[in-house]
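**Student:** Single-letter residue listing:
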Amino acid sequence: MIHSLFLINHSGDIFLEKHWKSVISRSVCDYFFEVKEKAVDPENVPPVLQTPHHYLISIYRGKLFFLSVVQTEVPPLFVIEFLHRVADTFQDYFGECSEGVIKDNLVTVYELLEEMLDNGFPLATESNVLKEMIRPPNILRSVVNTLTGGSNVGDTLPTGQLSNVPWRRAGVKYTNNEAYFDVVEEIDAILDKSGTTVFAEIQGVVEACVRLTGMPDLTLSFMNPRLLDDMSFHPCVRFKRWESERVLSFIPPDGNFTLMTYHVSSQNLVAIPVYVKQNINFFETGSCGRLDITIGPKQNMGKTVEGLMVTIHMPKVVLSANLTATQGNYTYDLTTKVLVWDIGKLNPQKLPNLRGSLSMQAGAPKPEENPSLNIDLKIQQLAISGLKVSRLDMYGEKYKPFKGVKYLTKAGKFQVRT
Amino acid sequence: EVMLIPTRPRLFSVCRNEDLKEMLESSKESLKLEAMKRIVGLIAKGKNASELFPAVVKNVASKNIELKKLVYVYLVRYAEEQQDLALLSISTFQRALKDPNQFIRASALRVLSSIRVPIIVPIMMLAIKEAAADLSPYVRKTSAHAIQKLFSLDADQKEQLIEVIEKLLKDKSTLVAGSVVMAFEEVCPDRIDLIHKNYRKLCNLLVDVEEWGQVVIISMLTRYARTQFTSPWKEVRGQSGEVMKAFYESDSEEKKGHTEEKPYIMDPDHRLLLRNTKPLLQSRNTAVVMSVAQLYWHLAPKHEVSIVTKSLVRLLRSHREVQYIVLQNIATMSIQRKGMFEPFMKSFYVRSTDATHIKTLKLEILTNLANEANISTILREFQTYVKSQDKAFAAATIQAIGRCATNISEVTDTCLNGLVLLLSNRDETVVAESVVVIKKLLQTQPTQHSEIIKHMAKLFDNITVPMARASILWLIGEYCERVPKIAPDVLRKMAKSFTAEEDIVKLQTVNLAAKLYLTNSKQTKLLTQYILNLGKYDQNYDIRDRTRFIRQLIVPSEKSGALNKYARRILLAPKPAPVLESSFKDRDRFQLGTLSHSLNSKATGYQELSDWPAVAPDQSVRNVEIIEASGSDSEEESSESEKTSSDSGKSSSGSEQSSSESELEQKKKKKTKKVPQKKSKPTAADRYSEIPAVCWSLRVTTSSFGPVKTYELLHHMTGKGLAAKYHFPRQPCLYQPSMVAVQVILSNSSDHSLEEIHIGDRSPASLSIHCFNTIERLEPEASVTVSMGIDFSDSTQAANFQLCTKEDQFSVSIQPAVGELLMPSSMTEQDFCKEQGKLQGMNETSATITMETANASSQAISKQVLSVANVGVVSSSQNNFSRFAGRTVSSGALVLVSLELKESSTALLTINTEKTVMASMLLRDIKQALTQA
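Which chain is which? The protein sequence lines are A and B, in order.
Here the numbering used here is used: the first residue of the first sequence is 1, the next is one more, and so on.
Here the numbering used here is used: the first residue of the second sequence is 1001, the next is one more, and so on.
Note that these hints are calculated values from the structure, not bench results.
Since this is a predicted model, take the numbers as computed values, not measurements.
You may find that some hints are simply not true.
Simulated crosslink set (BS3-like; lysine-lysine; CA at most 30 Å straight-line) [what the hints assert, rightly or not]:
(1) B:K1047 - A:K103
(2) B:K1440 - B:K1585
(3) A:K410 - A:K38
(4) A:K21 - B:K1387
(5) B:K1585 - B:K1525
(6) A:K410 - B:K1834
(7) B:K1440 - A:K277
(8) B:K1720 - B:K1602
(9) A:K398 - B:K1927
(10) B:K1585 - A:K316
(11) A:K193 - A:K398
(12) B:K1834 - A:K173
(13) B:K1278 - A:K240
One-sided and incomplete, this derived list gives chain A residues near chain B with beta-carbon spacing under 10 Å [claimed, not checked]:
(14) I80
(15) T213
(16) E245
(17) D376
(18) Q380
Note that beta-carbon positions come from the ideal geometry of N, C-alpha and C, so glycine has one too.
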């Protein structure tokens, strides 16, 4: 399936290659570079490319291209999903997925890639399993290893590989047993010029951090599971119980994982926490424009809106911005033409406002379209859909774990057209 | 010396090969390891490290696991280049293939099969065959991977490999399923006959298989189903056909029609596949969701397909690359089935932050979804897109508007007007695209549109994009009779600028000139000749060629042939309007979700999806015979493991771990098979009841199993001369693995012979006992030993039954000590600790005991514990720990006993098992044994 993998940085250097079958010359990447040149923005490189003898399937993550080479028919999503899993694993092992960190841990990375695929077919992709075979780096151990010649490679078959709960490490022990669940909801919305909602929906995810001894069997139930319209589960969730009882029953992996993602039915009207009053004008003459934005609270269920931020991709002709913000700071990046207004907490008594003039390239025609505003915001302790966890029960173990639930609402792809 | 080792990988490049060689040859493990790390660093960067091959390969048998693994990495990378040297390492792997540790066996096979050296093909073949029969499912999985490697190395092995695949396809382990289907797809995808018998098993295992295997299996089963089942889509057609007949055909004919069209009934196997894949739509793995979606698309009845919609729309929240593939597939689906995605139309609205290819695909889908009801919403949305700063996208939007205009006649005029407005747009690409689209639209609407053409002619001077200019020229030429005043003027302008124009514009100028010459030669004759003269000497031969052709065609002369008469009919023939349609229109010739679909061209190795057969092939080929319980051991086990795997339902049923269970089964199998070999007379066990004399040999074997306690079953006083004693031989029961073996010694202490000794009624009635065959006659003073098997179901409840002779019946009972309900399990200390870790909490029972001083040595402890319980000793590296492992006979639950010696002969006794009742009883028994002398 997957023949080879090349890791390529932003400037087009191949800094790692791994082959699971015979070696393929890195010159195969030239086709990719050609397309990359044309695309200008790395985001615009098509994920699937065809060359005379190979197919190139790539993802772009953390300013890196993960480029895989395949030679025969394969579901492209299979490869894409796998590549993202590789990036996730790096993130999990090293805290980030960047060129520097990969170069620093080159051997571990190589060992991981070796275990993740056999002959191009995924072998071990569960983080719990991998961690039993290849321990993540930590400073203390690497010092000890250098002194003693010890290794960071496990020598037994990870038991997870053989069991039906491959996602869970065996023999887990903690002195403090705790299980945390974060219900995070994102509002995706498009608002038009007048502030009416063109499109809005809520996407949620339940992130878990479970540190429990032994083989706990958990059941998580919601007060209002009917809200959930469509969801996907971590393989540990027993789908049949969800279908029949609407509870999440599972033996959790050890550590951090995504328990489920869900979509809240669009029939329920989505609450939009803020309104935006904006007025952006470019004048026909004088090579200048005006900008005036005010943000105020709308439906925020009595909670404070925090981390408010407005990002605007200005037209190329806008040279500079001379603005005043009543709250927070703004920056205008001259090369990327991105205006960022970092507001912070929204004070309903004193609404934040940003206004001033924009100066444009002399002689250039006025931009046809006003740039749209991308809004970022956070509301702590609130799931905007109203979803609530009612209880968490544990079976199979006799100790009493600490259980915690946190709610957070964020703006997802929240766009205001102007 | 240690401090000299540079630990930063950055310094790799500084190191010379010579230094690395020296390090590899040193006696220090740490130096060797460091050297290997650097070498692997070189490989990762794509640098050549082949020179070091001899020095590296020496370390292939290293004890250090990490070092060994790195050597493997190196070997796999360079063996192909250094075949002779690589052969040196083969014997190491051959040895490792026999290692008791399944992990080592598997990794040896992995490396051996990854070394692409043709000379070892026979060795690989042998290793694969052996591994395919290995007891560990993990090793079998590895062998499935090795099949593909060997096949790519030497395709001549195909036939032999198919045999192995056939064997592995029968495997019940979820671990193996995905990998062997993968091998099947690579080696012999056309051998659909191999699937028949395994079809239902694969469907049932599917939810429990790992994600990647699921994708491969689902795609294979999609192909399979299309060859084996009849189309579920006929139903609809059949019904409408019937309606038609009712209207137009006579009664007798209608009857005939009825007999021809049997009502469609879905094959239960077809339904099974649809039902078992549906839950996977909720998978977190996008590839799995997509594969289920394509399965439904290609196999489900039309009205069921829409259940995949929500899940596909959900995937649009995922990474950009995932969106790209999913949108491509939705684009294809939405052409045929608008209704599926129309309710989710807004999910395809474009955001300014989307990548261009994502925007274009969303646009494509929105256009496909457009209908009379939603067109106004869509057009309003398109108006926003036209203004986009991304001009390529704006151009695509204009094309989309054009498509909407042709597809929905109600909005054609609105769209046309909108497009005309765009002609005054400042952006060239937008204008150019508008012109091209307007041209196409006007062609489809050949009514009075001279106003638009005039407008375009006016704008002509300001338009610079060649394609747009060419389009306008063509339009004016085509409809020159509708704009009789403007057309010659445009031609005049073109004559002036002809030499500076692009080729495509020149061609259309020649075209316009020719058409005007035919319709309005009075005004344009000279202009045309001028242009034809310019064209004659153009640099481009296409233009020269066209000019020559046009001149011959339109200008009458002696040389011009018969065509001249028809010039007008040729050039001004009514032309069919271009069809504006989706670029995804015929993408459905490819199976959805495939690479070929994504590229819109057939990829290497693409397997065509066959059409539904008109008549379903024999359904019975998928029937699996039910194996009789009286079959041999191995058969019994396989039927049993089938039960567990199908019963286990959803993967995460926790305690029920079908894969590990199947390994347990394998272990059992191993034991039952080994027992006869251990015995001095191998056949004795099978013939125990036939010849009483053989019993002696049996007793010999049992005595070798350590202390045997004998219990009384029937006293000769109560038994009227018949006495019976029993003991537990601690052997696996030969009849059924879930039974405990019991040996009964019957003796006759009366003065007459006893006849027909057998077992009568039992209680509880459900008690499963394997009785001994009736003993026809037992002489006075004689005794006979017989074996029976009792399934105690892991409880110490007594088994009550009647021991009968010809005249009498005696109620007797066997109450097992808890320790006899176990069988030893061999495991390493490490496995023990791991298993123990899984059995914490409620599953752990412990007590501190004070032992008799005589019992304090580890041998004595072993002796005492073994006297109480039938467990195996786990070799221990710590002196103060004694560990014993066993499994319950009936359910195979692990029972782990560990004893930690503390000072002054106290010890902590811990028992870990799910069977908590057994644990407390066992604890009591062991405690008793250890505290007594």
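**Student:** Run every hint past the structure and note whether it holds.
**Tutor:** Hint check:
For the given pair, K1047 of chain B sits about 15 Å from K103 of chain A by alpha-carbon distance, which is consistent with the 30 Å threshold. For the hint pairing K1440 of chain B with K1585 of chain B, the CA-to-CA distance comes to about 19 Å; that is within 30 Å, so the pair holds. A hinted pair counts as satisfied when its Cα atoms are at most 30 Å apart, and K410 of chain A with K38 of chain A does not qualify at roughly 35 Å. Between K21 of chain A and K1387 of chain B the alpha-carbon distance is near 49 Å, which puts this suggested pair outside the 30 Å criterion.
Pair hint K1585 of chain B plus K1525 of chain B does not hold up; C-alpha atoms about 45 Å apart against a cutoff of 30 Å. Restraint check: the Cα-Cα separation between K410 of chain A and K1834 of chain B comes to about 41 Å, which exceeds 30 Å; the hinted pair is violated. A hinted pair counts as satisfied when its Cα atoms are at most 30 Å apart, and K1440 of chain B with K277 of chain A does not qualify at roughly 42 Å. Only pairs whose Cα atoms come within 30 Å are accepted, and K1720 of chain B paired with K1602 of chain B is rejected, the gap being roughly 87 Å.
Between K398 of chain A and K1927 of chain B the CA atoms are separated by roughly 24 Å; this keeps the pair inside 30 Å, and the hint holds. Taking the CA atoms of K1585 of chain B and K316 of chain A, the gap is near 37 Å; set against the 30 Å cutoff, the hint is violated. Proposed proximity of K193 of chain A and K398 of chain A is contradicted: the alpha carbons are some 58 Å apart, above 30 Å. Using a Cα cut-off of 30 Å, the hinted pair K1834 of chain B and K173 of chain A holds, with the two alpha carbons roughly 11 Å apart.
Pair hint K1278 of chain B plus K240 of chain A holds up; C-alpha atoms about 12 Å apart against a cutoff of 30 Å. With a cut of 10 Å, the hint placing I80 of chain A at the interface with chain B holds, because the nearest CB-to-CB distance is about 5 Å. Residue-level restraint check for T213 of chain A holds (minimum Cβ-Cβ distance to chain B is 6 Å; threshold 10 Å). With 10 Å as the threshold, the beta carbon of E245 of chain A stays out of range of chain B, its nearest partner Cβ sitting at about 13 Å, so the hint is violated.
About 12 Å separates the beta-carbon of D376 of chain A from the nearest beta-carbon of chain B, more than 10 Å, and the hint is not met. Hint status for Q380 of chain A: violated, given a least beta-carbon distance of 23 Å to chain B, over 10 Å.
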